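We have chain A already, so just place chain B on it with the hints.
Letter by letter, the chains look like this.
Protein chains: 2
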Amino acid sequence: MIEFSILKRSKKSKARLGILKTPHGEVETPAFVGVATNATIKALRSDEVVRTNTQLLISNTYHLHIAPGEQVLEKAGGINKFMDWPRPTMTDSGGFQVFSLGFGRDLGVGKVAKSFPGKIERLVEKNTQPNHVKITDDGVFFRSPLSGKEMFLGPKESIGIQEKIGADIIFAFDECTPPGATRPYIVTSSERTHRWAAECLRARRSKQALYGIVQGSHFKDLRQESARIINAMDFDGFGIGGDLGESKIGTRDVLGWTLPLLSEKKPRHLLGIGHIEDIELIIKQGVDTFDCTVPTHYARRGVAFTSEGRVDFMKSNLLDDKDPIDAKCDCLVCKNYRRNYIAHLVRAQEITGGALLTFHNLYFFNAYVANVREKIKKGKL
Amino acid sequence: MIEFSILKRSKKSKARLGILKTPHGEVETPAFVGVATNATIKALRSDEVVRTNTQLLISNTYHLHIAPGEQVLEKAGGINKFMDWPRPTMTDSGGFQVFSLGFGRDLGVGKVAKSFPGKIERLVEKNTQPNHVKITDDGVFFRSPLSGKEMFLGPKESIGIQEKIGADIIFAFDECTPPGATRPYIVTSSERTHRWAAECLRARRSKQALYGIVQGSHFKDLRQESARIINAMDFDGFGIGGDLGESKIGTRDVLGWTLPLLSEKKPRHLLGIGHIEDIELIIKQGVDTFDCTVPTHYARRGVAFTSEGRVDFMKSNLLDDKDPIDAKCDCLVCKNYRRNYIAHLVRAQEITGGALLTFHNLYFFNAYVANVREKIKKGKL
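Chains as they are written, first to last, in my numbering: chain A, 1 to 381; chain B, 1001 to 1381.
Do not rely on the hints blindly, as some may be mistaken.
Said to hold, decoys possible - With the C-beta cut set under 7 angstroms, the calculated list includes, among others, these residues of chain B facing chain A:
hint, residue
1, ASP1084
2, TYR1337
3, ALA1348
Claimed, not checked - Which chain A residues stay away from chain B? Per the calculated CB distances, all over 12 angstroms, these:
hint, residue
4, LEU201
5, SER263
6, LYS266
7, THR306
Honestly, the hints are just simulated from the structure, not real lab data. As the structure is a prediction and not an experimental result, all values here were calculated from the model. Every residue, glycine too, gets a C-beta built ideally from N, C-alpha and C.
Isolated chain A (complex conformation) (with noise of 0.2 angstroms):
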């Protein structure tokens, strides 16, 4: 169960100030998502990442369902009590594992990747499956990473599993379409996304709210029809899911023409983003929540996000710098250590390093879109 009210829109943009009420508390929209694939951020305890201002986690139902298992985290009364965080959460479907585990693992690919010559059209004019997973009408085969054992997830499977897990807001099962595919490849796998997610509303027994992810590429016809069809859905919100297109413009024409024609009223999710030169662009088209790996992925691997753009302790000589990672930076890290004692953990390949620049990247991220929930409020974005 969750409320959602906007307290003011933009009149420059589409932005929109928020607060989303949810059974662990409220987050001010627009907020940043951490990332907890495994109910964890990676390196932080949950107090910790209480004390970077991260509102809501979104964590891995694929992950979780392959270890320690949903009747794991449902015997420790849920997702929230396992963790020790306080706050909001969510949990992904299981659909972007779709994608890497299957076409994104074949080609070597993210999310939102360049495209490639030809590859994934050959793949799809053959009518061939990923090489790991086998993706059905009815859901998708896979085999396990830990016992090699094959599973299956499907629509009905994933919102058990997210029962289980008990997040505040759980997604429908859906296919993330690889970067690249071909019109008819979006179409087919569509059709199928919008069918999962009424399966997904039927199977639902808990209090749980229920997104609708709205896919159809970077094709405008199929987005347009995407976001109709999940509209007309009973679902508590929505995730915009799936290939963006190259370039900022295609993620701006993306949520251009998907948002508009979803409910005022009903959250949106952007899942996956990619940078924080992103955030304000899509902010701006309306989008509510996004998730994103960047400040925890680059932080273990020695690379800090500052107000005069990044810094990378393994590339930058920065062992007889005693200045903060950013001198505008108010986080504990930035109070108490020095960029020549970051510089040394980093390159001695010490965890510590990469705690401390986790802690100050997410507080970084966090203070940056309250920055920008600022502006809106002040009616300058």
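Leaving out everything else, chain B in the frame of chain A:
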């Protein structure tokens, strides 16, 4: 500069309760010393280590010399500022690495390894050197694991590096002899260690406290001779190094032979003890401080120390256990997180699992030693 005062002596044993004053504050002794090899307790920020009640840290001269280099720490204003650690610090001299990179590596053994048939004896009889380290009368040649370049560490070099690192307490350069070494080897090695001790005293320019190291392996007369020689020099405290024999009885004997020959007024540090079971035993012999990698090392491998013994989160099935790691512990991890979550994190190889266990284990070791201090205070040890 340190000041050491004894507040109380046990009547039932040689245990002593004391206060060690340093430029970075006071240490209640007997005290556990956390091992921060690379100027970090692996997986924790310094501010978190403070919250584990760790009073004192020891870092490694060898490691910090290789990376980032002592100049970096000197420019940072010393190790305390570098790592934002507000409490007292020690550095070892690099002597232990002479062993572990040398005979330790060749023989595949640790400092307190069980005996192994004749290997070291054969090496010593042939008067051969370890394979990767060359020990001369002046010091030790070795290759940097980073650059492959030949490097040299002798008494003057070790003191010069330790002065730049800037810990409150530094150690004389010694050879930590391999377990099972023959008597003739120990005689030669001890003579060298004693000569190096005198050179370290002459080389010191700083006001840091300098501890001399007693060697002599498990030979009673050689330990006693070493204690007399080191005690006669102008050190501020003592380190007890090298092989302590193969059993608790061996450790008790070596300390029993050695400590009574050292000035009562100066603090004694036991370098690198093994397990929690050893703590009372060594304190009863009159040890004031001791460092130990066990709580942090085991934490990263999924093992917790509790009031009811060890808990191995990889081996035990604790995925449905809602109890804290240790119901009697009041650390922040035990107050907030449960065994089911930690078991999941450890199995999923999440860094956060190691961080949670590191925090708890350090807290537990410090609480354990605080309890031993309480026993001395109450005349119960």
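Do the hints match the structure? See the list:
no.	hint	result
1	ASP1084	holds (5 angstroms)
2	TYR1337	holds (5 angstroms)
3	ALA1348	holds (5 angstroms)
4	LEU201	holds (30 angstroms)
5	SER263	holds (37 angstroms)
6	LYS266	holds (32 angstroms)
7	THR306	holds (19 angstroms)
Going through the hint list in order, the structure satisfies each hint without exception.
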